[in-house]
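Number of protein chains: 2
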Amino acid sequence: MPSPFDHAARRERLRHQLGALGVGLFLVSRAVNVRYLTGFTGDSTALLCLQGQELLVSDGRYAEQLQRECPGLEVFIRPPGVTLPMALGEVLKATGARSVGFESAHVSVADLGTWQGIVKDAEWKPCADVVEAFRRVKDDAELACIRRAIGMAERAYQSIEPLLDRVPSEAEAAAELEHLMRRQGAVGAAFATIVGAGANAALPHYHPKAGAPLAGSTHVLVDWGAQEEWGYRSDLTRVKAWQPVAGTPTLNAAHAAAVSAQAAGAEALRPGNTAGDVDLAVRAVLARHGVEDLFIHGSGHGIGLDIHEAPFFRPGNPQKLEAGMVVTLEPGIYCPGRLGVRVEDDFLVTNEGGVRLSHLPRELGLDLG
Amino acid sequence: MPSPFDHAARRERLRHQLGALGVGLFLVSRAVNVRYLTGFTGDSTALLCLQGQELLVSDGRYAEQLQRECPGLEVFIRPPGVTLPMALGEVLKATGARSVGFESAHVSVADLGTWQGIVKDAEWKPCADVVEAFRRVKDDAELACIRRAIGMAERAYQSIEPLLDRVPSEAEAAAELEHLMRRQGAVGAAFATIVGAGANAALPHYHPKAGAPLAGSTHVLVDWGAQEEWGYRSDLTRVKAWQPVAGTPTLNAAHAAAVSAQAAGAEALRPGNTAGDVDLAVRAVLARHGVEDLFIHGSGHGIGLDIHEAPFFRPGNPQKLEAGMVVTLEPGIYCPGRLGVRVEDDFLVTNEGGVRLSHLPRELGLDLG
Chain P
6 MPSPFDHAAR RERLRHQLGA LGVGLFLVSR AVNVRYLTGF TGDSTALLCL
56 QGQELLVSDG RYAEQLQREC PGLEVFIRPP GVTLPMALGE VLKATGARSV
106 GFESAHVSVA DLGTWQGIVK DAEWKPCADV VEAFRRVKDD AELACIRRAI
156 GMAERAYQSI EPLLDRVPSE AEAAAELEHL MRRQGAVGAA FATIVGAGAN
206 AALPHYHPKA GAPLAGSTHV LVDWGAQEEW GYRSDLTRVK AWQPVAGTPT
256 LNAAHAAAVS AQAAGAEALR PGNTAGDVDL AVRAVLARHG VEDLFIHGSG
306 HGIGLDIHEA PFFRPGNPQK LEAGMVVTLE PGIYCPGRLG VRVEDDFLVT
356 NEGGVRLSHL PRELGLDLG
Chain H
6 MPSPFDHAAR RERLRHQLGA LGVGLFLVSR AVNVRYLTGF TGDSTALLCL
56 QGQELLVSDG RYAEQLQREC PGLEVFIRPP GVTLPMALGE VLKATGARSV
106 GFESAHVSVA DLGTWQGIVK DAEWKPCADV VEAFRRVKDD AELACIRRAI
156 GMAERAYQSI EPLLDRVPSE AEAAAELEHL MRRQGAVGAA FATIVGAGAN
206 AALPHYHPKA GAPLAGSTHV LVDWGAQEEW GYRSDLTRVK AWQPVAGTPT
256 LNAAHAAAVS AQAAGAEALR PGNTAGDVDL AVRAVLARHG VEDLFIHGSG
306 HGIGLDIHEA PFFRPGNPQK LEAGMVVTLE PGIYCPGRLG VRVEDDFLVT
356 NEGGVRLSHL PRELGLDLG
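Residue numbers (the working numbering), protein chains in the order written: chain P, 6 to 374; chain H, 6 to 374.
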């Protein structure tokens with residue numbers, strides 16, 4: 006299938022910013038940004054963007070793949086004995102660029118030193134969020150990809166959900182879910198699937214264990230997502246319960262609080278609000294339920310080619326929301342040794358508030374009367 | 006299962022180097038190095054190592070996991086509104102350290118700038134290969150993990166290999182192989198599995214496609230590995246042929262050249278030789294077969310917690326081999342549009358040359374008379 010994206014237009018947009026950035030050349034070395042601008046899916050490859058020239062610097066492993074994925078783009082293949090930073094330094098020098106913008110959050114101190122050692126007279130300008138700013142708002146083609154990634158994840162979960170208590174272990178449930186997503190057309194999981202049973206659900210970034218059974222657990226937390234063909238990702242979390250969990254809060258009360266908090270966050274997903282406003286809306290509901298201290302991470306984040314990208318819903322984050330951002334909201338409540346719940350869905354930011362893109366039921370599955 | 010590693014001894018070794026590094030504090034921020042030194046399997050967490058103090062800086066998502074995985078280690082949990090670089094800057098300042106060593110190949114220019122903005126009067130010392138140098142030589146416990154990861158990968162391949170021509174697509178073959186590795190106890194694939202049929206095998210870092218069938222192909226190249234419970238990885242490549250491929254070289258001739266080249270490299274895997282010597286030994290055999298120009302990447306690399314780690318078998322690499330290194334050798338021959346072969350096995354460097362740790366047969370599967 007041909008790419009649904011206009012990579013040349015994205016690069017043109019970058020070229021138009023060179024003046025505003027105050028640089029003659031912008032060096033894109035972060036792999037996911039190279040992919041966004043060129044369609045190239047490999048790594049160890051950088052894009053040089055100048056007025057009137059664009060050039061990929063890569064190595065022999067990728068020579069043919071670059072021809073397929075980036076037809077028409079000029080490519081320099083470094084020889085096996087030359088490292089990428091060294092090759093980039095030499096190519097940068099050959100361009101004669103006097104001022105070079107680079108992605109300072111993704112260039113190591115060592116690589117910058119290598120370049121500076123080779124190109125002695127250039128001015129090096131650290132830049133932040135240049136390509137990331139393009140990526141924050143999704144166009145229709147990107148949104149279609151994310152919707153597909155959500156559908157793959159949802160259908161996979163639906164086929165395993167009724168059987169979860171019969172899966173031998175957390176690790177096998179995770180493996181099975183990832184397998185089912187691939188059968189739905191995913192190129193893989195969007196991130197390492199989390200399956201945590203009982204008290205393991207209290208660890209937000211838990212690794213599922215081969216020795217941890219689901220049968221006999223009070224509940225299980227599943228956090229999973231799919232990556233579709235073009236690299237876009239989904240990110241969902243559901244909790245399925247088999248037995249009530251007593252204490253304060255009960256499992257049921259914790260789950261209800263998370264669902265309400267997510268709804269409040271979704272309501273706040275509109276242009277003009279900041280990411281911090283959304284986080285605050287989520288936390289305010291958890292506070293009303295008396296569980297704010299049991300919520301130990303951010304309220305959500307953007308998704309796209311990265312599983313975690315801007316905007317980040319953290320206290321005080323001043324980033325303004327824009328229509329077309331695609332984000333997750335994932336309030337959670339964690340009681341060590343006893344229970345964990347998290348409710349996570351994917352939303353589109355619109356002028357009317359967040360539109361939920363994921364549609365799996367959120368019931369715990371318990372009939373608590 | 007309790008960890009088979011003595012993380013405290015590894016940190017003690019690091020503390021003993023502070024003087025030689027000329028720093029009062031060494032900051033470990035590369036996740037895989039934090040894992041090596043502490044057993045912590047998450048990310049977004051850094052280790053500060055001083056004389057008489059060690060401290061992990063993390064966030065609330067990992068608070069309970071850190072207690073489980075790193076019992077007894079002092080942990081500072083940053084609040085949700087404070088980024089890791091900011092929190093690290095504040096903690097570094099509080100230690101009063103006057104000279105700070107950091108992992109310059111893995112610290113971004115932006116993060117260093119954040120730290121320097123907070124800790125105004127410290128000397129910042131870029132350091133390379135500090136923890137990596139510890140990791141290069143594997144101890145018995147690590148070797149046992151890698152052997153297990155190899156076994157998982159081999160058994161998975163053996164169960165799918167006779168059926169490869171009946172798998173509907175490259176993508177399904179990759180998914181099935183990863184699934185089988187998990188059933189063997191792997192926590193996941195060591196890297197994204199490569200399955201390339203026919204001319205797709207000519208792309209060394211190919212992504213398997215859902216629309217690419219195996220049935221009817223001349224041959225398929227499979228590059229895969231497992232990651233076992235403690236994070237150690239295996240890395241293997243095999244080619245299975247169903248039909249001869251004519252031309253120069255033939256599939257059979259290319260494969261035979263790769264097998265011979267690997268054997269020559271293995272012979273060179275002994276202390277005293279450099280990584281460049283090993284690469285040269287591989288290339289010399291390919292040259293003798295007239296296919297050196299069709300070999301477009303390095304000859305191999307170390308494996309361990311990373312899938313690509315030192316030593317790197319590249320032309321001219323002066324790194325000396327040491328007994329106890331675990332490496333792959335992976336000569337390949339690529340004819341765009343026609344065929345690709347690569348033969349990759351895992352070896353232990355010993356005083357008697359490379360000891361092969363992987364044992365899958367390397368026959369193409371063709372009876373060419």
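Hints listed in this document are in silico derivations from the structure and should not be mistaken for laboratory results.
Watch out, some of these pointers could steer you wrong.
[To be verified] Stretch-level coverage of chain P by chain H, calculated; a stretch enters the list once three of its residues show a Cβ under 8 Å from a Cβ in chain H: (1) 199 to 211; (2) 314 to 321.
[What the hints assert, rightly or not] Here are the computed lysine-lysine pairs in the DSSO-like style, where the Cα-Cα straight-line distance is at most 30 Å: (3) H:LYS125 x P:LYS125; (4) P:LYS130 x H:LYS130; (5) H:LYS98 x P:LYS125; (6) P:LYS130 x H:LYS125; (7) H:LYS130 x P:LYS143; (8) P:LYS98 x P:LYS125; (9) P:LYS143 x P:LYS325; (10) P:LYS130 x H:LYS98; (11) H:LYS130 x P:LYS214; (12) P:LYS98 x H:LYS130.
[Unchecked claim] Quick partial rundown of chain P residues pointing at chain H, CB under 7 Å, derived from the structure: (13) ARG66; (14) VAL114; (15) ALA115; (16) THR119; (17) ALA127; (18) ALA220; (19) GLY303.
Glycine included, each C-beta is placed from N, C-alpha and C at the ideal position.
The hints, checked one at a time:
no., hint, result
1, 199 to 211, "holds (count 5)"
2, 314 to 321, "holds (count 3)"
3, H:LYS125 x P:LYS125, "holds (27 Å)"
4, P:LYS130 x H:LYS130, "holds (22 Å)"
5, H:LYS98 x P:LYS125, "violated (33 Å)"
6, P:LYS130 x H:LYS125, "holds (21 Å)"
7, H:LYS130 x P:LYS143, "violated (41 Å)"
8, P:LYS98 x P:LYS125, "holds (9 Å)"
9, P:LYS143 x P:LYS325, "holds (15 Å)"
10, P:LYS130 x H:LYS98, "holds (27 Å)"
11, H:LYS130 x P:LYS214, "violated (40 Å)"
12, P:LYS98 x H:LYS130, "holds (27 Å)"
13, ARG66, "holds (4 Å)"
14, VAL114, "holds (4 Å)"
15, ALA115, "holds (4 Å)"
16, THR119, "violated (10 Å)"
17, ALA127, "violated (15 Å)"
18, ALA220, "violated (18 Å)"
19, GLY303, "holds (6 Å)"
Consistency note: the structure conflicts with the earlier hints numbered 5, 7, 11, 16, 17 and 18.
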